[in-house]
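*Asks:* Okay, here's what each chain looks like letter by letter:
Protein chains: 2
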Amino acid sequence: MTKKPLILVTNDDGITAKGIKNLVQIASTIGEVVVVAPNSPQSGMGHAITINDPLRIYKSDIFEGILAYECSGTPVDCVKIAKKEILKDRKIDMVLSGINHGANSSISVIYSGTMSAAMEAAIEGLPAIGFSLCDYSHDAVFDHAHEFIKEIIIKNLDDFPQKIALNVNIPHHTKPIKGIKICRQAQAKWVEEYEKRTDPNGRDYYWASGYLENPDKGEDSDEYALKNGFISVVPCHFDFTHYPQIDSLKKKFI
Amino acid sequence: MTKKPLILVTNDDGITAKGIKNLVQIASTIGEVVVVAPNSPQSGMGHAITINDPLRIYKSDIFEGILAYECSGTPVDCVKIAKKEILKDRKIDMVLSGINHGANSSISVIYSGTMSAAMEAAIEGLPAIGFSLCDYSHDAVFDHAHEFIKEIIIKNLDDFPQKIALNVNIPHHTKPIKGIKICRQAQAKWVEEYEKRTDPNGRDYYWASGYLENPDKGEDSDEYALKNGFISVVPCHFDFTHYPQIDSLKKKFI
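Just so you know, the protein sequences line up as chains P and L, in that order. Per the numbering used here, numbering of the first sequence is gapless, rising by one per residue and ending at 254. Per the numbering used here, numbering of the second sequence is gapless, rising by one per residue and ending at 1254.
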C-alpha cells in the first residue's frame, strides 16, 4: 500500500473513553484516521441497530487534528453510517474498534459492541479488528499494548481475509505480554446472578452481575492464551450455520 | 417425554404483539407455557444485554391461564432472568422465540432480537427455536403457519442438538407453504440508505432504511427456500471462530 490507508475508528465505550483515545493515537501513526463513535457508553449492545429512531451525528474536536463524529446510535450504527454517509465517496482500508475497557474473549464476543462493530465492517467487506483490554476500569492502562496493536494492524493491512473480523484481547498491564497467539473462541459462558432490591416506592428491581465459567481446557483457546500472558487473536465470521447439523436435521423432516 | 414439557416463550416485538400471542397458543397445545417477554418493541436489538440499568419484571395477565411476565430489558435479558430468577427451580425443556413480524433469514440473524433470544437459550444449553414470518405488518396473518410450527416443535422436543438454535422463517400467508427445508444461512447482506432530514430546530437527523442484497445463488440457502415457498430451518451456533483462517493467520505471526 503506497497511499496512506484510510482507517475508520469506532468503539462501544463512547467517544470520550480512554481506550479509543489510545487506538486513535496508534492508528494515526499508520494512516489517515476518521472517527465515528457513539456519544454514550454502549457496552453490551451486541449487534443492536437503531430502527425506530432517527440517528444524529455531530462533528467533534475531541481528537486534535483528526476528523471525528459522535453518533447517537450503537457501535454497529456508527460503522453503517460511516460507510454509507460520512465516508461514502472514499474507500475505507480498515475498521478498528476499541480499545475496549474489559475483555471480549470467548462467548463475550456475542454481547460485545466493540466486536459487533468489527463484525459489521466484515459484513461490509472491510478488513476489521476489534481490540479489548482485560481491564474494566475507566482509568485502564494501555501503554504496554501499543506496540503489539501497531504490529497487528500493520501485518493485516495489505492482506486481510474476506468476511473475517479479528477479535484481539490483551492482558492487563500488570501481566508482562509474552507474545501473540492465534486462537479459537473458548467454550465458556457467563453465569448471571440477579440481586433483587426494592426501590423507595416499594417496587422490586434486579441488578445483574455475573462471572465467566470456563470448563474449556483446550490450550488453543483465547482464554488459555490470555491466562498465560499472551495476546489472543481469534478470526471471527458471521455465517452462524452449524453445517454438521444440517444432515441430522434433514432426517427428521423426510 | 411423559411429563408435560415446560416451554419458555419470548420475543422481540414485545409482549403485546400478535406474533407471540400465536406462539403461546401453539405452545400451549404441547406443554406448560411460561412467558417472559419485553414490555416494549425490541426489534433489531441483536444480542444486547442490560448492563448499566436495573431490570424490572411484572406479572402480566395478557394471556388467559398462562403465567406471564413483562420485562424492561432486551430479548436476551428475558431469557437470562427467566432461567436464573423466574424459573430457577424448574427445568426448562424448550425456549421458543417469536413469532417475529418480519423475516430473520440470512444475515438478519445477527441483528434479530428474536434469534438472539434463541441463541442465548442455546448458550444456556437449552433447546431453542426462533420463529419469524415474512410479513412485517403489525396485523400479520399467522394461521397458515400453526400446523408447521407445531410439527417443528414436536419433532425437536425430545431430541435436540446441543448448543444449537434453530432459525425458522415462514413464507407470507399469500404464498402456499410447500413444506419444510433444512438450509444454510444465505450469504446476503443489508444495503442501508440514510435519508437526511432537518428538524424544526434546524438540526440534521438521519432515517435508516435498506434492502437485502442477495448475490447467493445456492439452492441450499434459506433465502432460496423461502423464495420457493418453503419454510426454512437453519441450525445456528455461537462459536464465531473461522477455523480455516487460524493457520494462515499463524504464518503472519511466526
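Keep in mind the hints are simulated off the structure, nothing from the lab. Just so it is clear, CB atoms sit at the ideal spot from N, CA and C, and this is done for glycine as well. Take these hints with a grain of salt, some might be off.
Claimed, not checked - Derived coverage of chain L by chain P (criterion: at least 3 residues anywhere in the stretch with Cβ under 8 Å from a Cβ of chain P; other residues may be distant):
no., stretch
1, 1089 to 1102
2, 1189 to 1195
As the list claims (entries may be wrong) - Capping the alpha-carbon separation at 35 Å, the derived lysine-lysine pairs in DSBU-like fashion look like this:
no., chain 1, residue 1, chain 2, residue 2
3, L, K1004, P, K251
4, P, K91, L, K1196
5, P, K163, L, K1163
6, L, K1252, P, K163
7, L, K1021, P, K251
8, L, K1004, P, K163
9, P, K252, L, K1018
10, P, K251, L, K1018
11, P, K251, L, K1003
12, P, K21, L, K1004
13, L, K1252, P, K91
14, L, K1217, P, K155
15, L, K1196, P, K88
16, L, K1088, P, K250
17, P, K251, P, K175
18, P, K251, L, K1163
19, P, K227, L, K1084
20, P, K163, P, K150
21, L, K1250, P, K252
22, L, K1018, L, K1175
23, P, K217, L, K1163
24, L, K1021, P, K196
25, P, K227, L, K1251
26, P, K250, L, K1150
27, L, K1163, P, K227
28, L, K1217, P, K163
29, L, K1217, P, K88
30, P, K251, L, K1251
31, P, K196, L, K1003
32, L, K1196, L, K1091
33, P, K21, L, K1250
34, P, K4, L, K1150
35, P, K84, L, K1217
36, P, K252, L, K1163
37, L, K1250, P, K163
38, P, K250, L, K1004
39, P, K175, L, K1251
40, P, K150, L, K1252
*Asks:* Which of the numbered hints above does this structure break?
*Replies:* The structure conflicts with hints 1, 8, 12, 17, 21, 30, 32 and 34, although it agrees with all the remaining ones.
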